[in-house]
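Asks: Residues per chain are reported as follows:
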Amino acid sequence: MAKKNSDQMFAQLLRNDSVGKPDRTIEDRLMYSYILKSGRSKVRQNSFASFFGWIFSGQGLGLKIATISLVVFFSVINTQNFFESGKISASDSIYSQRTLVADSAHFIQLVDSLRVDSLN
Amino acid sequence: MQQIAIGNQPAFAELYQRYKDRMFYYFYRMLGNSSEQASDFLQELFMKLIEKPESYNPKYPFQTWFYSIANNMCKNEYRRREIRQEYSSILPLEPQLDFIDEKSIEPEQIIEKIFDTLDELGTEHRSAFLLRYREGFSIKDVAEILGLPEGTVKSRLFYAKKTLAEKLSYLKDEIEF
Chain A
90 MAKKNSDQMF AQLLRNDSVG KPDRTIEDRL MYSYILKSGR SKVRQNSFAS FFGWIFSGQG
150 LGLKIATISL VVFFSVINTQ NFFESGKISA SDSIYSQRTL VADSAHFIQL VDSLRVDSLN
Chain B
429 MQQIAIGNQP AFAELYQRYK DRMFYYFYRM LGNSSEQASD FLQELFMKLI EKPESYNPKY
489 PFQTWFYSIA NNMCKNEYRR REIRQEYSSI LPLEPQLDFI DEKSIEPEQI IEKIFDTLDE
549 LGTEHRSAFL LRYREGFSIK DVAEILGLPE GTVKSRLFYA KKTLAEKLSY LKDEIEF
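Those protein sequence lines, which keep their order, are chains A and B. Be aware that the first sequence starts at 90, since it is given in this note's numbering, and climbs by one per residue. Be aware that the second sequence starts at 429, since it is given in this note's numbering, and climbs by one per residue.
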């Protein structure tokens with residue numbers, strides 16, 4: 090009778106060995122935990138928490154510095170362009186600013202006087 | 429794993445179905461043939477997967493990584509038991525097969541004898557033996573899972589087989605060791 094190889098015998102014995110199956114409730118508990126975990130991660134994906142976390146962290150420091158530099162640069166350029174040609178910015182006694190306020194009563198009176206004038 | 433990380437529930441269910449029995453068997457045999465403890469460890473293993481799916485590196489085979497986590501859990505448990513000095517109390521019953529009539533040997537009895545012998549040898553031999561012969565991993569994969577050189581795995585398997593050959597002497601006529 091041909092002898093069996095010990096490797097084959099051990100493999101065959103162990104693969105045919107059965108110790109039962111895990112409890113079904115484990116699967117239910119794991120599925121529940123998985124749903125909870127994926128639900129939490131989806132809420133986190135929709136929030137700004139990770140974005141603010143990134144802003145105040147040390148990650149992507151070069152990118153942050155470049156962005157801030159650009160913002161500062163353009164704001165400086167904009168302030169230098171803030172003047173209107175022909176407008177005298179210095180104070181002058183000849184020039185007096187008059188504030189015109191719409192007065193409805195005065196306007197009605199003016200219209201009435203015009204009407205009287207036209208009747209005469 | 430990528431699907432599991434983004435919350436794909438069917439992918440997780442599929443993974444659980446694929447590995448639950450294998451992992452249950454591994455924990456059962458590694459932790460002193462206790463169904464309750466094997467169930468607890470199975471649950472803990474998958475909880476680790478749920479809590480930190482990002483810890484898996486896709487460059488490596490999933491199976492090897494998963495078994496290495498399971499093996500580390502067993503090692504931690506052995507340490508806990510050593511601290512509690514309870515190790516001797518959870519060892520299986522004393523082997524009684526030496527007195528079995530050769531004609532009446534059943535595969536279940538041989539299995540029991542194998543695991544009794546592996547318990548005597550130690551957990552390192554048992555894990556290498558299980559991974560090689562039950563799970564069918566290559567020597568390289570077993571070495572990776574256990575974090576050992578291939579030579580060490582080979583020598584452990586050789587020593588385990590040598591000891592088993594002595595213990596299973598009544599099978600010598602049928603098996604070539």
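Derived by calculation from the structure, the hints in this document are not laboratory data. Among these hints, one or two may not hold up.
[Said to hold, decoys possible] Simulated crosslink set (BS3-like; lysine-lysine; CA at most 30 Å straight-line): (1) B:K476 to A:K110; (2) B:K590 to B:K503; (3) A:K126 to B:K448; (4) B:K595 to B:K503; (5) B:K568 to B:K480; (6) B:K487 to A:K126; (7) B:K595 to A:K126; (8) B:K448 to B:K487; (9) B:K595 to B:K582; (10) B:K582 to A:K126; (11) B:K503 to A:K110; (12) B:K487 to B:K590.
Asks: Any hints from earlier that this structure breaks? Give me their numbers in increasing order, please.
Replies: When the structure is compared with the hints, numbers 7, 10, 12 turn out to be violated.
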